[in-house]
Structure formats: structure tokens, C-alpha cells
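Modelling step: build the complete structure from the supplied sequences, incorporating the hints.
Chains as they are written, first to last, in numbering that gives the first Met the number 0: chain Y, 0 to 303; chain D, 0 to 337.
A hint or two may mislead.
[Stated by the list, open to error] Interface residues of chain Y toward chain D, partial, derived using beta-carbon atoms under 8 Å:
#: 1; residue: Ala53
#: 2; residue: Ile77
#: 3; residue: Gln79
#: 4; residue: Thr275
[Said to hold, decoys possible] Covered, in the sense of this in silico footprint (three residues per stretch, anywhere, with C-beta under 8 Å from a C-beta of chain Y), are these stretches of chain D:
#: 5; region: 94-104
#: 6; region: 137-150
#: 7; region: 257-264
#: 8; region: 294-300
#: 9; region: 308-320
Don't read these hints as lab results, they were simulated from the structure.
Model, not experiment: these values are computed from the prediction.
Every residue, glycine too, gets a C-beta built ideally from N, C-alpha and C.
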Amino acid sequence: MDILGGQRDVSRATQRTAQQTRAIDYRSRGKFYQRMSLLWTYVVLIIMSTVVLAPFLWLITSSLKSEFQYYAIPIQWIPQPFTWSNYVEVFTQYNFFHYIFNSVWLAVYSVIAVTFVSAFVAYGFARFRFPGRTAMFILLLGTMMIPGQVLIISLYTIFRNFGWIDTFLPIIVPKLFGDAFSIFLLRQFFMGLPRELDEAARIDGCSNFRIFWNIILPQAKPVLIVVAVFAFLNSWSDAWGPLIYLSSDSNRTVPLGLLAFTNPYKAVDPQLMAATLIALVVPVVLYAFGQRYIDSGVAIAEAK
Amino acid sequence: MITSSSRDKAGGLTLTPKTQKGPSFFTRLRRSQGFAGYLFISPWLLGFLVFGLYPLLSTFYNSFTRYNLFSDPEWVGLKNYQGIFTKDPVFATTSQHMLIYVIISTIISICGGMVLALLLNKKFPGNHIFRTIFYVPSLLVGVAIGLLFKQLFGSGENGLANEFLGLFHIGPFNWLGDSGRPYLAVIALILVNVWFMGGTMLIFLAGLKGISATYYEAARIDGAGKWSTFWGVTLPLLSPVVVFNTILTLIGHLKVFETPLVFAAAQGAVGSNPGNPLGLHNGLSTYLLYIYVRGFVYNEFGYASALAVVFFGVTLALTLVVLTASKRFTYYAGESDN
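Structure (C-alpha cells):
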């Protein structure tokens with residue numbers, strides 16, 4: 000974009016006229032051009048969608064195949080016969096009812112504990128001015144950077160000293176203290192809420208907690224749902240904690256159940272795929288439920 | 000809740016002689032806010048001190064010891080670190096893998112996410128369906144999805160990946176079990192990221208929405224074509240989002256654990272013979288996996304702690320590198336960020 004010299008000026012002027020001409024051409028051919036561009040967009044998207052969806056289609060069909068058909072070359076996409084017994088076996092022979100039960104109640108607990116405590120803490124960060132507030136908040140953000148795995152060895156030692164290994168306590172207790180990302184999301188949202196309602200309630204004599212509970216929380220439904228959904232997903236797919244802290248079969252959660260899925264007498268890949276499908280369906284269903292809220296939640300987090 | 004204990008009977012501002020420890024109204028207000036504030040954040044603070052700071056310091060301490068959990072840790076100074084950097088071929092292999100994996104995966108995630116976001120930024124029928132198709136897989140993390148992809152990259156011709164490549168007459172690969180070419184395993188690991196571009200896509204979409212249409216108008220009036228609009232307008236305005244996304248993705252990829260764990264483990268590994276948990280010829284060794292193996296399989300907690308410290312250092316360093324490098328490229332559209 001440098002204007003270098005007189006000669007350049009002239010040619011730029013002619014260029015601009017040419018561009019203007021092209022622009023007029025562009026506008027008259029505009030619809031065609033737009034349609035082509037849209038067509039190309041569709042083509043690319045459809046190709047990429049096929050690639051992305053293929054493994055999941057394969058998952059569904061494979062889970063219903065018999066063991067013989069599973070290994071057939073080339074891949075046959077329609078199971079013959081539909082081996083529903085795979086799913087039955089998953090529950091009867093591989094103890095999946097139990098694993099699912101463990102995973103579910105851990106996840107539900109996680110949702111309640113994390114959502115409530117994170118909101119509680121976020122309210123403190125959002126609505127109160129106190130010395131060290133900024134420092135604390137930066138500390139909070141910093142903890143998001145530390146991978147939990149760096150701490151795992153010391154945490155294991157601590158829990159072992161408490162005698163908590165092979166119980167659910169090492170997983171349950173830390174959730175009572177909130178989750179950094181959730182706190183961050185909620186704090187951003189709370190800060191966006193107008194203070195007038197707070198102040199009105201305060202004048203009416205509400206304590207801080209009641210303001211939190213009766214005023215702020217109801218307004219925060221979208222973010223709370225996002226936090227809840229993510230808390231559930233994190234708990235459901237968490238293999239790290241259970242892998243380290245839980246050892247006996249009765250304490251296993253779904254990810255561990257999948258890792259331990261084996262049969263010494265035969266290859267059980269189809270059944271494993273059935274179990275995998277079950278494990279994957281839950282997040283999908285949850286997403287379908289919380290979708291609107293997740294989209295807006297990411298936007299809120301982005302606008303930091 | 001503390002009720003005010005001030006002796007301020009007159010109410011409002013009173014000039015109290017310093018004989019009585021009566022706080023002024025504002026001090027009291029400030030104090031009560033502070034108390035309430037700390038009260039509300041105390042759960043997090045407590046949790047941080049007990050489950051965050053203390054283990055962090057403890058890990059740091061443990062890294063200088065030899066510790067196998069059954070006896071007390073014994074101090075060995077820098078021996079662990081020495082071992083890591085000079086005598087540990089697995090660490091070298093792991094570092095190589097991590098470098099390749101993190102860089103290539105991040106490039107795939109960011110570029111792929113950006114392409115998808117650009118494509119999905121216009122309104123057209125079916126937009127939402129595509130967005131869902133690309134986003135939902137990225138929500139699926141953990142062991143289950145790792146198992147799915149392990150099957151996908153199965154050796155022989157009935158693995159989906161091999162069948163797909165077979166369409167182009169590219170021979171079947173033994174992705175996870177080829178002892179002659181153990182690098183195939185890392186390639187498989189990298190390729191898995193192709194399915195998970197939805198997360199970065201969503202963040203880029205949100206960022207794209209934030210670019211006001213007037214910029215595009217101006218570009219169009221100036222006669223800019225699609226490509227120059229992208230380079231000259233979209234990308235610079237999107238650069239803070241790109242940085243944010245890159246750091247997030249980078250750290251996420253550094254923490255990869257479940258997928259290599261699943262790829263490397265023999266079926267049913269938990270509870271029975273695990274084989275080499277790092278994959279054939281350590282082909283799938285990643286930092287977290289290595290820390291886990293050294294600590295919980297070989298019970299060398301001191302060494303594993305040292306590895307963890309090194310890993311943390313690497314994460315920090317990489318983040319700082321990206322942050323400082325990006326300062327040259329980011330362009331804040333006239334607003335005062337930070």
C-alpha cells in the first residue's frame with residue numbers, strides 16, 4: 000500500500016478503475032459466484048463430515064456384529080445377523096451395570112458439588128472487593144495451567160496416609176472445593192449481572208448468602224447448566240483419578256471397566272465396541288440437552 | 000456474619016479520638032466486605048492450599064529423593080535430574096515424541112478448526128447440522144474414544160483406516176504393532192486429532208462473530224478478493240483468539256494420556272498383564288504416560304516426581320514461548336486489552 004511515485008500513482012489509478020469495473024462485473028455475476036462458492040462449501044463440508052462420522056457409524060455396526068463378521072475383509076457395513084447378544088453380554092458377563100452405576104452416581108455428585116461450590120466461590124470473586132482479590136484470581140487462573148498429573152504422586156501419598164486408597168474419597172473430596180474453570184466462567188457471568196437487584200435485596204435486609212441463593216443464582220441458569228454439563232462430562236470420562244486411586248473391581252467406573260474388558264477364551268472386540276458405544280452415548284445425549292447453553296457459554300469464556 | 004462492633008453511636012462519620020479502637024464507617028465497610036469475600040472464596044482457597052499448593056511443593060521436594068512408597072523418601076539431591084537428562088533413553092524418546100506430536104497436532108487442530116469456522120461462518124441451510132457434526136466428537140474424550148480409535152487403526156485390512164487408505168492403494172499399515180516402524184504409532188496418535196477439531200472450531204466461530212461487518216465492507220469496497228480479505232482483515236483481527244486457542248490446544252496436547260494409554264495397552268490390561276505400557280519399543284511414550292509408568296508401575300516415585308517437575312517446566316516454557324512470539328503477530332483492533 001505504499002505510494003511510491005508519480006508513475007505508480009497513475010497505474011494505481013488505472014488499476015482502480017479496472018477494479019471498479021471488475022466490481023461491477025462481480026456484482027452482476029454475483030449470484031452465480033455466490034452459488035458456486037456455496038456449492039464448494041457444501042462439498043468440502045460433506046466430505047469432512049463423512050470422514051468425521053465414519054468411525055462412529057463403524058462403531059454402531061461393529062457392536063452388532065458377530066465375532067466372525069467383525070474380522071471380515073473388506074469391512075461389511077451391515078451386520079448379519081444383528082447380534083444384540085453383544086449388548087446383553089456386556090451387562091451380564093462384564094459387570095457393566097455396576098460400573099455404570101458407579102460412574103453415574105459419581106457424576107451426579109460431581110455436578111451438584113462442583114456447580115454449587117464453584118458458584119459460591121465465583122460469587123465471592125465477583126461481588127466483593129477485598130484486599131488480594133486480583134492476586135487470588137490470577138492464582139485461580141494459574142491453577143488451570145497446572146496439569147493435575149504433576150501433583151498426582153504427592154496426592155497419592157496424602158491419600159494413602161489418610162487410608163483413602165481404593166475408596167471413592169480421593170475423587171469425591173477435592174470436588175467439594177470447586178473447579179477453577181467453572182469458577183472462572185461463573186465469575187465472568189456474575190460480574191455481568193446488574194448490581195441493582197443485589198442492592199435492593201440488601202436494603203431489604205438480605206444476608207449475602209440469601210442474595211447469592213435467591214437473586215444471583217436464578218439469573219445464572221444458562222451458565223450453571225454449562226458448568227453442570229461439563230462437570231458431568233469430566234466426571235464421566237475421567238479415567239485418571241479412578242486409575243490411580245481405585246483398584247478393586249467393585250469400585251470400577253466405566254472407563255476402568257473398558258480398560259479391563261477382556262475374555263481369556265475368545266476375542267471380544269464386538270462386545271467391547273458395544274460397551275464403548277454405551278460409554279459414548281451418554282456424553283452425546285448430555286450435549287443434546289445442554290447444547291444451546293454450551294454454545295453461549297463458550298462465547299462468554301472467549302470474551303475475557 | 001460479623002455484626003458491626005463499632006461504638007459509633009452517632010452514626011455516619013465521626014472523628015473518634017484515638018483512645019478508643021473505634022473503626023470509622025469506611026473501615027468497617029471495607030472489613031466486612033473483605034471478610035465476606037474471603038468467606039465465599041474460602042472453599043476454593045482451602046482446596047487450593049491442600050490439594051494444590053501442598054502437593055506441588057511436595058512433588059518438588061520428592062523430586063530430590065528416592066521414594067518407593069514403602070519406606071520414607073531418602074534424599075539424593077540432583078541424582079534424579081541427572082538421570083533424566085543424561086542416562087534415560089526413554090526420556091529422550093519421549094521428548095522427541097512429544098515435540099513431534101504437540102507441534103503437528105496443534106497445527107492440525109488450529110488450522111482445521113479455522114478452516115471449519117470460516118466455512119461455517121456464513122448462514123446457509125444446514126449450517127447448524129454441520130456444526131453439531133463437527134463439535135460433538137470433540138466432546139468425547141477418554142478411554143472410550145481411545146478404544147474406538149484403537150480399533151480404527153487396527154492392523155490388517157479390517158481396520159477402518161487401512162481400508163480407507165486401501166481405496167488409494169496405499170498398503171495396510173500395522174499402526175500400533177509394527178516393530179520395524181514404531182513411529183507409525185505416533186502418526187496414528189496425531190491423526191486422531193483430525194476428528195477433534197470441533198473445539199477449536201467453536202472458539203474460532205465465536206471469535207469470528209466478534210469481527211464487526213464494517214471491516215469486511217471496507218475490504219470489499221477496496222476490491223479485496225477472498226484471499227486478501229482473509230490475510231489482511233480476518234486473520235489480524237482474529238489473532239488474539241488464535242493465540243488463546245493455540246495456547247489452550249498446546250497445553251491440552253501436552254497432557255495427552257488416555258489415548259496413548261489405550262493404544263499401548265493390551266486388551267484388558269488393567270488387572271492383568273500390561274505388556275509394555277509405553278507401546279512397542281516405547282513408541283507411544285508421552286510425558287504423562289511416562290510419569291505414570293515410572294511412578295505407578297515401577298514404583299519409583301522420586302524419579303517420577305522429578306519427571307513431573309520437568310514436565311511442568313516444559314509446559315511453562317512452551318506457553319511463554321508462544322506468548323512472547325505471538326506478541327509480534329497479534330493486532331488488537333484499537334481496543335485496550337489486558
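Run the structure past the numbered hints and jot down the numbers of the failing ones, going up.
-> Structure breaks hints 2, 3, 5.
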